[in-house]
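These are the residues of each chain, in order.
2 protein chains.
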Amino acid sequence: MLYSKLFGKTVKKAPSDAVLTSHKLLYQAGFIRESTAGRYFILPLGQRVQQKIMNIIRKEMNKVGAQEMLSPVLHPLSLWEETNRTNTTGFELMKIKDRRDMWFALGGTAEEMFVDVVRKFRPSYKDLPLNIYQFSLKFRDEIRARGGLLRVREFIMKDAYSFDGDEKNFKIEYKKMWNTYGKIFEKIGLKTIVVKSDNGYIGGEYCHEFVVESNIGETTFLTDGNKYNAHLDVAEFTRENINTGEEIKPFKIIEQPEWVKTMEDNVKHYKLPKSRFLKNVVYKNRITEKIIIAVIRGDLDVNKIKLEHVLDAVGQLEDASVADLKNIGTKPGYVHSWGHKKALYIGDLSLSTVKNFIGGQKEKKSDAINVNLGRDLKFDHLFDIALAKSGSIKESGKKFIEKKGIEVGNIFQLGYHYSNKMKNAVFVDKDGKEKPFYMGCYGIGIGRTMAAVVEKYSDEKGIIWPESVAPYKYHLIGLDLKDESIKSKVHKVYKELLSRGQEVLFDDREDVTAGEKFADADLIGIPYRLVVSKRTGDKIEVKKRDENYTKLVSLDKLVSKLS
Amino acid sequence: MLYSKLFGKTVKKAPSDAVLTSHKLLYQAGFIRESTAGRYFILPLGQRVQQKIMNIIRKEMNKVGAQEMLSPVLHPLSLWEETNRTNTTGFELMKIKDRRDMWFALGGTAEEMFVDVVRKFRPSYKDLPLNIYQFSLKFRDEIRARGGLLRVREFIMKDAYSFDGDEKNFKIEYKKMWNTYGKIFEKIGLKTIVVKSDNGYIGGEYCHEFVVESNIGETTFLTDGNKYNAHLDVAEFTRENINTGEEIKPFKIIEQPEWVKTMEDNVKHYKLPKSRFLKNVVYKNRITEKIIIAVIRGDLDVNKIKLEHVLDAVGQLEDASVADLKNIGTKPGYVHSWGHKKALYIGDLSLSTVKNFIGGQKEKKSDAINVNLGRDLKFDHLFDIALAKSGSIKESGKKFIEKKGIEVGNIFQLGYHYSNKMKNAVFVDKDGKEKPFYMGCYGIGIGRTMAAVVEKYSDEKGIIWPESVAPYKYHLIGLDLKDESIKSKVHKVYKELLSRGQEVLFDDREDVTAGEKFADADLIGIPYRLVVSKRTGDKIEVKKRDENYTKLVSLDKLVSKLS
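Line by line, the protein sequences give chains A and B.
Under the numbering used here, residues 1 to 563 are what the first sequence spells out, in order.
Under the numbering used here, residues 1 to 563 are what the second sequence spells out, in order.
Copies of one chain are not kept apart here, so a pair can be met inside one copy or by any two copies together.
Cross-link-like lysine to aspartate or glutamate pairs, in silico, EDC-like; alpha carbons within 20 Å at most:
hint, residue 1, residue 2
1, Lys398, Glu240
2, Lys126, Asp508
3, Lys430, Glu510
4, Lys126, Asp511
Calculated directly from the structure, the hints in this document are not laboratory data.
Make a model of the complete structure from these sequences and hints.
In structure tokens:
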């Protein structure tokens, strides 16, 4: 490609609102331009990178038997109604009506569509496992788009869907995808951390994100520095014993000064750590209107996501209002750890780590002390509903550290979530009976992956593309082009490289200084810079983008290396 | 690919509503499935064909310097308002609002978007010519979708946009695209006819369609059997002289029986051919409300499209109503060829081919005769506003024949249509001045091209893919697989072919008869069928899909041919 003819030339300045390195560099180097907030033109250089990323993904997916296809982007809304997802997605669904008055959703994810196409075939057990995928546009009606390609409203996603006969076979497929993702990102040049995550609006029971560690990432996760990585929302941790050796004392209602209202007041008044007190947090299920009181040790916070999973009410809980509290006979700051009728109590695992809790039945001038699990505070089960934090302890004894990263891919167990809700989402098993599919799904955002690469590979001069995803392998620069002999030499080098099937961006401009050409080459970030000039004589100067030294080689030598 | 694992197996029956060969065969052979009317899943076999078609296009486009990029699919509606296209497109535009209340159009064609991205760069004359393209989803809110991929509501299109400094340079680019399209379709195996067409909602002055001749096609065109092919809407033809040698007689108002009302009545009464009478057709411009009377020779019909171009009022004319006629002081059947005030008269070229016209001033019991152009009937210019028909004559003396075909691609001159309407759609010329772009655009529908191939290449057994776009090159069939030695032999052949980088669909099923396997192979239509069975001994039976004989070759020989 002649740089003089390239659409998307470099510019000196990034947009004033650009904060992220990837946004600035992809803009300045001519890889992207914004259409409207969160919707980007991918310019020719950017499109070449996207295609290389897609080809790496395609190759690895095909290698493990996945099959590429393509689904429409306008999904009949009736399908989303079948799974009751029209109101429960995490992203706002965009809807549109055609002129025959049929409603569609603009695909944000395509589980229903893939179930729909598979069920048309009524597959046999012999067709399973089945893993089908596509590269297709996805739409997310994000309230806030982020600068550059990291959080956008429209993007290409590789989304794959697996269909198995049972959980055991699914787990083999899940592991296969896990390993395939590892290979894909490694080939792209990205070191990823696999982070246990919440499955959110997708449904199913567990999932994992592939995260590139980065301080500008939007994903916050906890790691024990060993092998355990998890989102705050799902991280499991050990509730260390506080005073389990202490003797159980008789339950007592005592007088308490009226100024003792908050947890901090309690700590001050009793001169005891937060962990000795009971804490209550009240939610309302916005669909059933049921009131839920979560009871937890005073030093911990309730994790709403975990609580929703315990209650099988994903996306349904909201903070209770003053009116809701009044309804069950109480008010803010005076919720009891037991006894409010009409409310459902859920206790956290931490309740078993303390003897003689303080609190739980606060009134204006009194509260309870020596409250003990099993005697005063009764639950059939305790659940893990607490929010893990930096410093929380894993079984290994290691403490969590909080890290940030960019989510570039994810794998989801869906189980029977969709096949139970959608009609005829079945295969015919060996015994001739119809059984529902056991499903999974697997996504990779293409633009975000490109941006993540730039976040990891750049310096003050520009991007440093890994060879596997670079828009071109060689950036050929001709200098002193007014000299016809040099001009003809560099054009010869260009043609020779092309004839060998090499990918070359050739800066053939005659009205630009050497300094500008070098700066553009550094900004664009192609792996090998080749220079032909008066100074290089019969040879070609070669420099790797990420190295500081150059060497002179002959065309023959350069070319022989290639063939 | 193992056929046993392929998603999208063959089925015996086509959908009951399938009429077209391509619809039936692509469905039965497992290339496509309908989601909702006009929106299709492209199954793995179909996606492989689409990708081959796209790669052929990509290669040829890149060869002539076009650059691939990608534009968002949701176009800010404000851009379509800039060009006043929100109401004038030929297809119904689908619109959608995001939750920040911003309106978008679902892209049906992307002229505005590409102008918008190019103007962000304020290019120099040195950057021109510029030709940028994408493969992207297009949406058309068609009232009626047609079975299969021939007329759909959502499809992948290659759309390219060229930017030149002036008409002269544009014409070079237009010819380049014309030739490139020829090469593309030739490589795909399609013989195309280039048909001059109306540019409709795209804007600009002229355009050409690439049409595959087919009786099931929706495109009707006229051909002189030589080099001239044109849509009915734009076809130019010669108005043969009727009686130009006749002496001009004095204009006269004569009595005429009341029963003479229609053109047929005239022919009967005067015993003269239709061509001797004047005909008037009345339209209203629905935007300006202006009344237009088109005057034409009695044997010809007015072509509304041509008339709209003459008036620079594309998409604006409608048939005049009785009320409209009353407004200019007349009624149906009594419109005059001159003299109605408030109406604009436009005359067809054919008016110069007749002397002593009959008609033009019909009243209840009278009409005019010996009406002559220039004396009684006055126009500053005559225009080509007549509809060509089968039998109309070209200058060459050849008569038009009507043919039908499938439009697989089109190329459009846009001229200054967009750059004049959109702000800053300019480049900086040599003299430092800003000048508007001279533009063109170029489309190819991917799915429709696939369907056109099937319409051209099939027999009663199924599809016969040209090798260049076949989903696989080899269809390997294993028979007698209960015999372990044969099973291992066919698997060895499969692996050997794969290791040589060959594309093989391997029918490894053990519970299917030879007959079924052969029938499936014929239906799917892969170019080379390879059979390994007891009967083939140490060799492999090879049969081309479009030939009736087989031959036995050794694996070594087959393989040596490939390397």
